[in-house]
Every structure is written in C-alpha cells, then in structure tokens.
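Colleague: If you read the sequences in order, they're chains A and B.
Residues in the first sequence are numbered from 1 upward in steps of one, following UniProt numbering.
Residues in the second sequence are numbered from 1 upward in steps of one, following UniProt numbering.
Keep in mind that the hints were calculated from the coordinates and are not lab data.
Be careful, since some hints might not be right.
Since the list gives no way to pick one copy over another, a pair counts as held whenever it fits inside one copy or between any two copies.
Said to hold, decoys possible - Simulated pairs of lysine to any residue, SDA-like, Cα-Cα distance not exceeding 25 Å: (1) 134 with 376; (2) 388 with 340; (3) 134 with 118; (4) 134 with 71; (5) 350 with 96; (6) 134 with 4; (7) 144 with 376; (8) 387 with 76; (9) 201 with 4; (10) 144 with 311; (11) 134 with 5.
Predicted model only: the values in this text are computed from it and were never measured.
2 protein chains.
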Amino acid sequence: MINQSMAALGNNRSTIRELFEYGNSRAAVVGRENVFDFSIGNPNVPAPDAVRRAILEETAGDPVALHGYTSAQGAADVRRTLADDLNRRFGTDYTGDCLYLTAGAAAALSCAFQAIACPGDEFIVLAPYFPEYKMFIESGAGAKCVVVPPAVQDFQIDFAALAQALNARTKAIVINSPNNPSGAVYSEQTIRRLAGLLAEKEEQYGHPIYLVSDEPYREIIYDGIEAPFVPQYYENTIVCYSYSKSLSLPGERIGYVLVPPQAADSADLYAAVCGAGRALGYVCAPSLFQRVAARCAGQTSDITVYQTNRDLLYNGLTEMGYRCVKPQGAFYLFPQTLEPDDRAFCERAKKYDLLVVPGTDFGAPGHMRISYCVQTETIRRALPLFKKLAEEYGCK
Amino acid sequence: MINQSMAALGNNRSTIRELFEYGNSRAAVVGRENVFDFSIGNPNVPAPDAVRRAILEETAGDPVALHGYTSAQGAADVRRTLADDLNRRFGTDYTGDCLYLTAGAAAALSCAFQAIACPGDEFIVLAPYFPEYKMFIESGAGAKCVVVPPAVQDFQIDFAALAQALNARTKAIVINSPNNPSGAVYSEQTIRRLAGLLAEKEEQYGHPIYLVSDEPYREIIYDGIEAPFVPQYYENTIVCYSYSKSLSLPGERIGYVLVPPQAADSADLYAAVCGAGRALGYVCAPSLFQRVAARCAGQTSDITVYQTNRDLLYNGLTEMGYRCVKPQGAFYLFPQTLEPDDRAFCERAKKYDLLVVPGTDFGAPGHMRISYCVQTETIRRALPLFKKLAEEYGCK
Numbered sequence: 001m002i003n004q005s006m007a008a009l010g011n012n013r014s015t016i017r018e019l020f021e022y023g024n025s026r027a028a029v030v031g032r033e034n035v036f037d038f039s040i041g042n043p044n045v046p047a048p049d050a051v052r053r054a055i056l057e058e059t060a061g062d063p064v065a066l067h068g069y070t071s072a073q074g075a076a077d078v079r080r081t082l083a084d085d086l087n088r089r090f091g092t093d094y095t096g097d098c099l100y101l102t103a104g105a106a107a108a109l110s111c112a113f114q115a116i117a118c119p120g121d122e123f124i125v126l127a128p129y130f131p132e133y134k135m136f137i138e139s140g141a142g143a144k145c146v147v148v149p150p151a152v153q154d155f156q157i158d159f160a161a162l163a164q165a166l167n168a169r170t171k172a173i174v175i176n177s178p179n180n181p182s183g184a185v186y187s188e189q190t191i192r193r194l195a196g197l198l199a200e201k202e203e204q205y206g207h208p209i210y211l212v213s214d215e216p217y218r219e220i221i222y223d224g225i226e227a228p229f230v231p232q233y234y235e236n237t238i239v240c241y242s243y244s245k246s247l248s249l250p251g252e253r254i255g256y257v258l259v260p261p262q263a264a265d266s267a268d269l270y271a272a273v274c275g276a277g278r279a280l281g282y283v284c285a286p287s288l289f290q291r292v293a294a295r296c297a298g299q300t301s302d303i304t305v306y307q308t309n310r311d312l313l314y315n316g317l318t319e320m321g322y323r324c325v326k327p328q329g330a331f332y333l334f335p336q337t338l339e340p341d342d343r344a345f346c347e348r349a350k351k352y353d354l355l356v357v358p359g360t361d362f363g364a365p366g367h368m369r370i371s372y373c374v375q376t377e378t379i380r381r382a383l384p385l386f387k388k389l390a391e392e393y394g395c396k
Numbered sequence: 001m002i003n004q005s006m007a008a009l010g011n012n013r014s015t016i017r018e019l020f021e022y023g024n025s026r027a028a029v030v031g032r033e034n035v036f037d038f039s040i041g042n043p044n045v046p047a048p049d050a051v052r053r054a055i056l057e058e059t060a061g062d063p064v065a066l067h068g069y070t071s072a073q074g075a076a077d078v079r080r081t082l083a084d085d086l087n088r089r090f091g092t093d094y095t096g097d098c099l100y101l102t103a104g105a106a107a108a109l110s111c112a113f114q115a116i117a118c119p120g121d122e123f124i125v126l127a128p129y130f131p132e133y134k135m136f137i138e139s140g141a142g143a144k145c146v147v148v149p150p151a152v153q154d155f156q157i158d159f160a161a162l163a164q165a166l167n168a169r170t171k172a173i174v175i176n177s178p179n180n181p182s183g184a185v186y187s188e189q190t191i192r193r194l195a196g197l198l199a200e201k202e203e204q205y206g207h208p209i210y211l212v213s214d215e216p217y218r219e220i221i222y223d224g225i226e227a228p229f230v231p232q233y234y235e236n237t238i239v240c241y242s243y244s245k246s247l248s249l250p251g252e253r254i255g256y257v258l259v260p261p262q263a264a265d266s267a268d269l270y271a272a273v274c275g276a277g278r279a280l281g282y283v284c285a286p287s288l289f290q291r292v293a294a295r296c297a298g299q300t301s302d303i304t305v306y307q308t309n310r311d312l313l314y315n316g317l318t319e320m321g322y323r324c325v326k327p328q329g330a331f332y333l334f335p336q337t338l339e340p341d342d343r344a345f346c347e348r349a350k351k352y353d354l355l356v357v358p359g360t361d362f363g364a365p366g367h368m369r370i371s372y373c374v375q376t377e378t379i380r381r382a383l384p385l386f387k388k389l390a391e392e393y394g395c396k
C-alpha cells in the first residue's frame with residue numbers, strides 16, 4: 001500500500017551512506033581512530049572563521065527578520081551579493097535575478113532537472129558520475145538517464161562515446177568538474193570541445209541542449225590551475241552550486257541554481273526552476289545560511305590541507321603499485337582496484353577497516369573512490385594498511 | 001523545451017506569495033507602516049531567546065561536527081530528544097527511529113505524500129485547506145486531490161460530504177488542526193468520529209487509509225483548550241510537523257515526519273519516507289537547526305501576543321458586522337467576505353492597503369483569510385480601514 005520504489009530507495013541506501021553508517025557502527029566496536037573511513041565527502045577542514053562570525057553577527061540582529069521566510073528564490077540582497085561575487089571573479093554581468101537559492105546542490109540539481117524534463121527526454125551523465133544523479137533524473141524528474149563510459153586514461157571526456165549518446169531526445173548533459181569521484185578538472189580544451197559538439201547537435205536537432213554544470217568543488221583545485229567557468233563557453237548552461245565543500249557546510253544545505261540570461265528561454269527557465277522548487281516543497285533556502293553565504297562571498301575553507309592529503313595519498317599509493325590518474329581538484333582519489341571486481345576489492349579492504357567506495361557505483365568498474373577529506377594523520381596511519389592490502393595482491 | 005507545468009507553477013505564484021510580494025512593492029511606495037499586510041503566515045513574535053542561546057552554544061563547538069552531514073533521517077541524538085519530548089507530552093512510546101527530520105512541513109508533506117502515493121490513488125483534503133497541498137499531491141506525488149467542501153458553520157468536518165468522497169482509491173486524508181486558514185481546532189469528538197469513519201472504510205475496502213496530520217500550529221492554541229494528539233485516536237496516522245510557527249523559524253526549514261510504530265507497514269512506510277526525501281534531493285535537514293530544535297524541545301515563542309491579536313481583531317470585526325467563526329488556534333481569522341465574490345472583495349480591500357487572501361484559494365469561497373501574526377498596533381490601525389470597507393457594503 002505504500003510506494004514500493006520509494007521504500008526501495010529508502011531501504012537500499014547508497015553504498016556511500018551505507019559505508020558511512022557501517023563506519024559509525026565499526027567505530028563503536030574498535031574505536032573511531034581505528035576506522036579509516038574514506039567513504040563520504042564530509043569536509044574535515046572546518047568552516048572558515050568568517051562563518052562563525054557571520055552567524056554571531058546575524059544572530060545579534062532581529063530574529064523575526066533573520067529567521068522569517070524569504071522570497072522563494074532567496075533574499076534579494078543575498079542574491080545580489082552572490083551575483084556581484086560571480087561578476088567580480090568571472091567578469092560576468094549577472095543580477096540577483098539570475099540566482100535561485102536552494103537547500104544545497106542536490107536541491108539545485110533536482111530543481112534544474114525537473115524544470116527542463118519533459119516526457120521522453122534523455123539526460124546524459126558522464127562516468128564516473130555522482131550516483132544520485134541517476135536517481136534525481138529518473139525517480140525525480142521522470143526522464144531517462146544515459147551513461148557515457150569513462151575516459152579512464154585521464155577522466156576527461158570520451159567524445160566519441162558522447163557523440164554516439166547524443167540524439168534528438170537529449171534534453172541535457174550533466175557535467176561535474178572538479179569531478180566527484182575522479183578529482184579530474186575539465187581543461188579549457190575539453191570544455192571548448194564539449195561546447196562545440198553540443199552547439200552542433202543543437203543545430204542538427206533544432207532545439208537547445210542544456211549543459212547542467214554541477215560545481216560544488218569549483219574552488220577546491222590544486223597546482224595553480226584554473227577551472228574554466230562553463231557559462232562563458234556555452235550559452236545554454238545551468239550552474240548548480242553548493243557551499244557544502246567550499247565553506248565546509250554540507251549539513252546546512254545552502255547553494256543555488258544560476259540561470260544565465262544568455263540561456264535559451266532564460267526567463268521561462270528561471271520560472272520553471274522556481275516552480276520545481278515549489279512543487280518539491282522547498283519553500284525557501286534556509287534563511288540564516290543565505291545570509292552567511294552572502295557575508296562569506298568569495299571566501300573558502302583552508303583547502304591546503306586537502307592538497308597535503310592528496311599528495312601524501314597519491315604518492316604513497318602509487319609507490320605501492322596502485323595505478324591512479326592524479327587528481328587536480330575536489331578531495332577524491334580514484335585509483336584502479338587491484339582486481340577487476342571492485343566490489344570484491346572494497347569488501348576485502350574492510351578487513352583492514354579501510355572504507356572505500358567501489359567505482360561501479362560511479363559507473364566506472366575497476367576503480368575505488370577514496371575521500372581524502374580526513375585528518376592527514378588518518379592517511380598516514382592508513383597507508384601501511386593499504387600496503388598490506390596491496391601485498392595480498394602480490395604488490396611488493 | 002522546458003517543462004511548461006513547472007514554468008506555470010513558477011510564473012503563477014500562490015496568491016499568498018503574490019500578495020506578500022505586492023505588499024513589499026507597495027511598502028516601497030507608501031511606506032511599510034501604511035501597508036496592512038495580513039497575507040502571509042510569517043510569525044511576528046520573535047523566536048524565544050532559547051533559540052539564540054542554542055545557536056551561540058552550538059556555534060562555540062566544533063564546526064566540522066556542527067555543519068557536517070547528519071544521517072539522512074537526522075542526527076540520532078536529536079531524534080531521540082524530540083521523541084522523548086513527544087513521549088513526555090503525549091504519553092507515547094516513540095523512539096528516535098520514528099522520526100525523519102525534514103526541511104520544514106512542506107518537505108515533510110512532500111516526503112509523506114510521495115512515500116504512500118501509487119498510480120491511481122486519491123488523497124482527500126478538507127476545505128478550507130492550505131492551497132499548496134493540492135500541488136504537493138498532484139504535481140509532486142502524481143496522485144489525485146479530492147476536495148471535501150467546508151463545514152462553514154464551525155469549520156469542523158462535514159462528515160456526510162467526507163463519507164461521499166471516500167472510496168476504494170482513497171489512499172489518505174490530510175487534516176490540519178489547528179487549521180490554516182480557519183483557525184479551527186478539531187475537537188476530540190471530531191477526531192474520534194473521523195477515526196471511526198476511516199476505520200470502517202479501511203475494513204470495507206480492505207486496505208489502510210492513512211491520516212496525514214499536518215500540525216505546524218499544534219502549540220498555537222487558545223482559551224485553555226487541548227488539541228487531541230491524533231495518533232492516539234487512529235493508528236494509521238502520519239504526523240508532519242514544523243518548528244516554523246511554534247519557534248518562529250519559518251525561514252530555517254526545520255520539521256519532521258513522525259511514523260508511529262502502530263501505523264500499518266510502519267517499517268516500510270518509514271523507509272519510503274526516507275526514500276522520498278532522497279529522491280526529492282533533501283539529503284538531510286539543516287544541521288545547525290536540527291540541534292537548535294533539540295535544545296529548544298518543548299518550548300515555544302510567546303504566543304500570548306497572538307491571542308491578544310485574535311481577540312482584538314475578532315471583536316473588532318464582528319462588531320462592524322463581519323461574520324466569523326471564532327478561531328481557537330493558529331493565527332488566522334477566516335471571516336465571510338461582505339460580497340459573495342471573495343476575490344472582488346479582496347481586490348477592493350487593496351484600496352485601503354489591506355492585504356487579505358481570498359477564501360477561494362483555500363476551497364472556501366465567500367471568505368477571506370486574515371493572518372494576524374502582525375504587530376498588535378498594525379491591527380489597531382487597520383480596524384478603522386476594515387470599518388470603511390464594511391461601510392462600502394452598507395454596514396454601519
């Protein structure tokens with residue numbers, strides 16, 4: 001008598017959540033310090049002190065104004081501040097009316113997908129991809145999710161495979177750079193080539209193909225590289241952003257959808273995003289953290305810790321014989337597993353209380369995701385265990 | 001190329017939101033103090049000081065733990081505290097595992113509806129009803145919304161009409177007591193009779209009929225009356241709650257779904273609520289305010305102001321010739337309009353910058369909703385304008 005597909009979604013938690021809960025229960029048995037939980041992307045670097053100060057300053061003000069409903073799309077002054085910040089950084093000309101504030105990136109993606117999905121539509125995701133995309137597209141927006149296999153040599157885009165996947169039913173393609181789980185950052189060349197291909201296909205099929213750019217890791221990037229700002233390369237871009245990672249606020253659920261005025265039908269598209277938020281029950285993004293985001297515009301947590309962790313883990317694992325594309329962003333390493341069956345490998349890793357996520361969950365079998373948003377010391381102590389695990393597979 | 005029904009939802013804002021925005025734009029012209037905005041249920045009584053203290057105390061702790069992801073259903077200790085509070089007040093035996101924390105009541109309702117809706121299902125709402133119900137049921141859960149007309153003499157339930165509406169396709173009935181917009185509180189007799197009727201129909205049709213009890217106004221109740229706690233009268237109850245009104249936190253989006261263990265298929269039902277939250281992109285309820293809710297369990301804002309407002313407005317309007325059922329809860333008055341066309345009446349009220357919502361929007365034509373969660377002074381200054389408006393209709 002209940003909805004069985006919802007019950008199934010509730011009972012079959014994502015592998016990531018499952019591992020996270022397993023880690024919690026293991027910690028109760030062997031002690032938190034002996035569980036090497038690399039499963040979840042919960043930032044371990046604290047929010048910058050500006051967040052705490054912003055909370056204190058806002059809380060000193062009028063509680064009725066602070067905790068009251070904002071406009072459904074977010075407080076006007078907050079949206080203006082965030083648009084100005086984008087303009088300052090990327091030379092764009094956005095107004096606050098281009099932004100729809102959301103309860104994080106998952107909400108932003110849900111609203112964006114439902115805003116554009118029509119019956120029969122296909123959405124393309126590029127492996128390796130965040131597994132909840134498929135659920136938001138299929139269970140949420142009722143569209144078909146088409147997966148393009150990974151370009152395992154560098155985790156850029158397999159354009160031949162993508163070209164094959166595009167067809168007249170393609171409504172959108174979802175990209176995520178810096179990427180979860182590979183840590184890859186799409187190069188300017190990749191973005192240019194993608195924009196060119198999509199423009200060509202738009203012309204061929206006679207309708208817009210939206211590029212949904214999921215950017216929660218936009219600022220978490222290493223080695224001095226710069227990630228291209230996607231709307232500058234392709235007009236029909238919808239940006240979904242979250243402060244979860246950049247400000248270490250994943251539990252607070254604050255982010256936005258950016259609908260650039262250059263996008264096709266941008267006014268209607270923006271309205272549809274608002275309508276989707278309404279239909280999904282979002283009402284407004286959490287009001288205190290709307291203001292916190294505005295006060296902290298342009299700031300980030302101290303991401304140097306992540307770079308330290310990446311270097312330690314990447315160098316350590318590759319020396320042991322693990323093979324891995326060096327990530328340039330986000331806080332994930334995505335090495336190959338030491339046997340083709342990545343699920344079996346990850347199960348075996350549990351013997352050492354190493355919790356890593358099978359690549360199959362991201363559409364990239366034969367890999368594992370290691371979230372390195374953990375204490376550096378945890379990595380140091382985990383490396384000998386990764387070595388023991390490697391030795392089981394004959395690595396010296 | 002976008003989803004037109006979402007664009008329509010975005011473009012055709014609810015009348016309430018529309019009036020709220022109109023009020024803001026009018027305020028810019030004639031001054032905030034000259035706009036008598038009775039349109040929106042944005043509490044004007046500040047959050048109790050316990051909220052501010054809770055924020056400060058939590059913010060003094062570890063930001064990684066405070067702002068990190070919680071379990072999808074909410075932090076375990078928070079859920080336990082909130083369950084204990086319910087047990088203390090209502091003599092129940094809930095555990096934290098009966099609660100699924102949400103981003104407010106709208107999210108709770110969306111999750112509850114999607115958890116139980118199957119193709120072909122009907123959901124019954126009782127006029128006058130919160131207009132977004134229809135949208136959550138139809139655009140959200142894809143079920144049919146059946147409206148039972150109001151019992152205008154006392155805004156309890158028209159049981160004859162309800163009995164007619166119930167049929168084998170009825171999956172659930174949604175109630176809201178204390179009621180938005182009528183302010184009515186269902187008596188114990190009403191709840192008993194409702195429970196009896198539903199139990200009888202469950203037996204007749206051979207399947208559960210869920211009673212979704214939307215209770216954001218549970219604690220906002222006057223004249224020393226007690227509202228029956230619905231799960232104690234009917235086993236297949238799902239409670240949707242929000243701290244928006246009781247703690248004056250509507251912008252912060254914090255509430256819960258309560259799935260009592262007595263409900264049919266309660267484990268699967270709870271899983272389906274979790275699954276719906278996942279499919280809708282909710283991830284977890286805002287983490288800081290999960291903790292604030294736990295720290296403030298059992299407390300409310302100072303609701304005596306609302307009682308003062310109710311008395312002033314009810315007495316004032318009825319003396320002028322307006323006819324109104326005296327509300328016993330929430331912060332709305334729902335008088336008859338002075339002409340049958342309530343939209344025309346509410347338009348005419350705008351001449352005096354009196355912003356009230358037509359009853360038609362709540363399925364009860366010939367009425368208007370007046371939200372009295374405003375400064376008492378605002379009501380005092382508005383009464384002469386309501387009198388002038390009444391005089392236009394020949395009231396003396």
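Colleague: Determine for every hint whether it applies to the structure shown.
Modeller: Right, here's what the structure says about each hint:
1. 134 with 376: Cα proximity of residue 134 and residue 376: none, with 32 Å in one copy and 51 Å across.
2. 388 with 340: within (18 Å within a copy, 81 Å between copies)
3. 134 with 118: both (16 Å within a copy, 21 Å between copies)
4. 134 with 71: between (30 Å within a copy, 21 Å between copies)
5. 350 with 96: Neither way: residue 350 and residue 96 sit 47 Å apart in one copy and 29 Å across, limit 25 Å.
6. 134 with 4: both (18 Å within a copy, 22 Å between copies)
7. 144 with 376: Neither. Shortest intra-copy (41 Å) and inter-copy (54 Å) distances fail the 25 Å Cα cut-off.
8. 387 with 76: For residue 387 and residue 76, the Cα distance exceeds 25 Å both inside one copy (53 Å) and across copies (35 Å).
9. 201 with 4: Answer is between; shortest inter-copy Cα gap is 23 Å, intra-copy 38 Å.
10. 144 with 311: Neither. Shortest intra-copy (38 Å) and inter-copy (56 Å) distances fail the 25 Å Cα cut-off.
11. 134 with 5: Classified as both: same-chain Cα gap 14 Å, cross-chain 22 Å, threshold 25 Å.
Checked against the numbered hints given earlier, the structure breaks hints 1, 5, 7, 8 and 10 and satisfies all the rest.
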